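Quick mapping for you: the protein sequence lines, in order, are chains A and B.
Under the working numbering, the first residue of the first sequence carries the number 667, and numbering increases by one thereafter.
Under the working numbering, the first residue of the second sequence carries the number 20, and numbering increases by one thereafter.
If you are wondering where the hints come from, they were derived from the structure by calculation, not from laboratory data.
These figures come from a predicted structure and were not determined experimentally.
By construction, the Cβ of each residue, glycine as well, lies at the ideal position given by its N, Cα and C atoms.
Heads up, a few of these hints could be off.
[Claimed, not checked] Chain B stretches covered by chain A per the calculated footprint, using a threshold of three residues with CB under 8 Å from any CB of chain A:
no., stretch
1, 323-334
2, 338-349
[Unchecked claim] Heads up, simulated BS3-like pairs for lysine-lysine below, C-alpha to C-alpha not over 30 Å straight-line:
no., chain 1, residue 1, chain 2, residue 2
3, B, 285, B, 159
4, A, 736, A, 786
5, B, 285, B, 155
6, B, 342, B, 116
7, A, 736, B, 342
8, A, 881, A, 903
9, B, 116, B, 285
10, B, 116, A, 736
11, B, 116, A, 786
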Amino acid sequence: MMSKAAFTSGSLRYRLAVTLIGVVAVLTLLFYFVLRAYAAQIALQSQDNILNASVTAILDAAIIRDGVVKIDIPYAAFSMLNTETDDRVFYAIYQNSSLLSGYADLPFPQRESRMSNTYKSGVYLGVAIRQVTASRVLVGGDIRTRITATVAQTQDSLSGILQRIARNAALYGVGFFSLAVVLAIWATSSTIDPLKRLAESVARRGPQDLSPIVKPVPSEMTPLVSSLNSLMTRLDKSFSQSEEFIAEAAHRVRTPLATVRSHAEVTLQRVDKEENRQALRSMIRAIDESSRAAGQLLDHAMITFRANQLEYQAIDLVELARECVQRLTPMGDMRDVELRLETDTTVLVSGDAILIQNAVRNLMDNALKYSPVESVIIVKVRSEPSPHISIIDQGAGFPSDEMHALVARFTRGRNASGTIGSGLGLTIAQDVALAHDGTLNIGNTTEGGACVTFSF
Amino acid sequence: MRYILFLILALLLAPAFALDWEDQQLFEGNNGTQTLRVISNTDTAIFAPVIQSFLQSHPQLNIEYNVASSANVYSSFRSTPDAYDLVVSSAMDLQLKLVNDGFAQPIEDIAHPAWAKWRRSLFGFTLEPASIVINKAAFKGLPTPGSRQEMIEVLRENPEAFTGRIGTYDIRQSGLGYLFATQDARVSETYWRLTEIMGSLNTQLYCCSGDMIDELAKGTIAISYNVLGSYASARSDVADKIEVILPSDFHNTMMRTVLIAQTTQKTSAATLFLRHLISSRWSKPDTENVSLPPLTTQQDNSQRSIIALDPGLMVFLDAMKRKTFIDEWESAIIQQ
Ligand SMILES: Nc1ncnc2c1ncn2[C@@H]1O[C@H](COP(=O)(O)OP(=O)(O)OP(=O)(O)O)[C@@H](O)[C@H]1O
Ligand SMILES: [Mg+2]
């Protein structure tokens, strides 16, 4: 598989959910505090209203009779202050600045405005009170006097109400928050869903499927999808272009080289002069070298290209090895080298047949090239421990000090000086092995011959 | 021995307190070690069975029982709050004011109907109606008044029979009398008409229900208004001479209330006594000493209006209001 895990930076779903829930939490807290403050204000307001009514009732009852102020406090003035928690009531009535009746030590608010009533919170006898003060001018005969009344009440009932409201507000808040969290999670997943579906549909595609995505997507995703589509179109185009190019290039290089070579060979037959023949021979050799190099280069390019989009199919390695051996047998016969197969009945792997054939052919080619005449090359195909092909020859093996450098491209060993080659064979085999998540092992047998193992 | 010592001490100290004790008694438990000091306006004779039944179940306690008029109970407790552990009084307004002004201790976890308690500090434990009590002999041949209106009529039609022979509370002296009078005045104008008539017939004024009942039994007075029916019913010795009438138009019903002093060191013992009072365990209908009518939660008749424990009670305690009311009352009742 070529797909690599993408780099992850956070999660959209997570980020969306956290943002939504965070917003909801802030809103809930805000709601709680605003509601509480508002309720407190209303509760205080209602206490003020009752105290106000009480003060007003007292002041209304004030009269001047025979030059003396009399206040016949109505029963309701105090009984209206009855609360569920039996709050305590204090009052004081003053004529100008002298006490007429009531609690003398009740703090008497300094009144800034004589016109409006004064509302004040304070402490009396060690408990918190709310106090309303109002005054009224009485005129009787030649007397003009100011009566001021102040009524205070403890705040037990108020704090009870506030506690209840706070508790209810907290309960509602928690309910609201949990509901919002559920909704946020639902909203998040329904928002993320199209993205997930797109990702799935792209992942399900075959490796050759570079057709544009036609399923409708939400408008926010159209830029992504359209750039994806245009990327795939370009990719498709460039793939087919390079394929054509490689085929074309191979053809265009090899054909003229073959023509030149056949001309050179014909000329060699005709020429007698030894130095001319020598020149022609090295010419033919150079042509062979270029032809080989061109072939190997194009193969290598083809492999690099195909490795990007492997076409997997079931392959019987035994069958594949047998074909290669058959094809190379004439070459072996020329040097009296026997290619001997030692195989299990079938060794099935999944992979790209063309690439594997190419790799195996290169390895056999090496064995033929670097082993002496009248020797045996053993080709083993086994499925244990993992499916592999080993090619063992009876040559001198890899020069041990160069062994690992030889896989690199264009690298040839000391022992290769007499042979035609470009130094790409092992590179191709190695690239094919890596593309199939396999390995290429090179080494020498104890007898000295080279042993190369291509395993999956 | 302790009792005598205590009496001597009390007698010696009495002038120093400058307080008119109507009675002072120490009730001792079988092995009493701690003494609860109770100040009350309920006559010892009536309250004794309540105390005794308490000491039977709590023999480790003693109860010092001090009796004074409701006004004195209030002023004495207010001036020396740490001299008493519990305050029992029939003057609901004065008791409520003591609580309002912070002299009482809130007691938690007492199951009691909301209308019979205030601030978890003041607990009503009896329901006692204000009633008309008559001398049966004096009313021979006359219609028995069943309501205020009928009382006005019978007085108006027989002035010669009743002149100087009507009794009621002197509301200047009696806190309970003042409470009944003010509540009457709140409910109906009839009160003032009745007071006018009573004033015109030279009504006798009394400090306490007990005195009125004595005089009624003797026949010195023929009828008294706003007496505690409970006191009259408790007096088995005079039961055949007098009759208790609950006015059918309405009758104010007072709750005798108890509170525990804020300053007391004996809260838990005092709470035991308080629980005993409100539990009505002391009331045994089969015994002869049925003294106080216990607070019962079901309201048996609609005429009964229980005086509500609410801050309104403090209105008539306002100095100016009180003076206005008493001036009006005096001008009605004292006409010579
Ligand atoms: N079977 C072998 N025995 C000994 N040496 C070998 C063997 N196979 C490869 N080599 C050494 O490894 C070198 C690299 O091999 P590679 O196949 O990459 O290049 P090449 O055979 O020289 O050229 P070509 O690209 O034409 O195959 C060879 O030049 C040779 O020195
Ligand atoms: Mg090679």
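Hint check results:
1. 323-334: holds (count 8)
2. 338-349: The restraint on the stretch 338-349 of chain B holds, since 4 of its residues have a Cβ under 8 Å from chain A and three suffice.
3. B:285 with B:159: violated (54 Å)
4. A:736 with A:786: Distance of about 26 Å is within 30 Å: holds.
5. B:285 with B:155: With Cα atoms ~48 Å apart, residue 285 (chain B) and residue 155 (chain B) exceed 30 Å; violated.
6. B:342 with B:116: Roughly 18 Å between the alpha carbons, so the hint for residue 342 (chain B) and residue 116 (chain B) holds.
7. A:736 with B:342: holds (10 Å)
8. A:881 with A:903: holds (22 Å)
9. B:116 with B:285: Status holds; Cα separation ~22 Å.
10. B:116 with A:736: holds (22 Å)
11. B:116 with A:786: Between residue 116 (chain B) and residue 786 (chain A) the Cα gap is close to 23 Å, so the pair holds against 30 Å.
In this structure, the earlier hints numbered 3 and 5 are contradicted, and the remaining ones agree with it.
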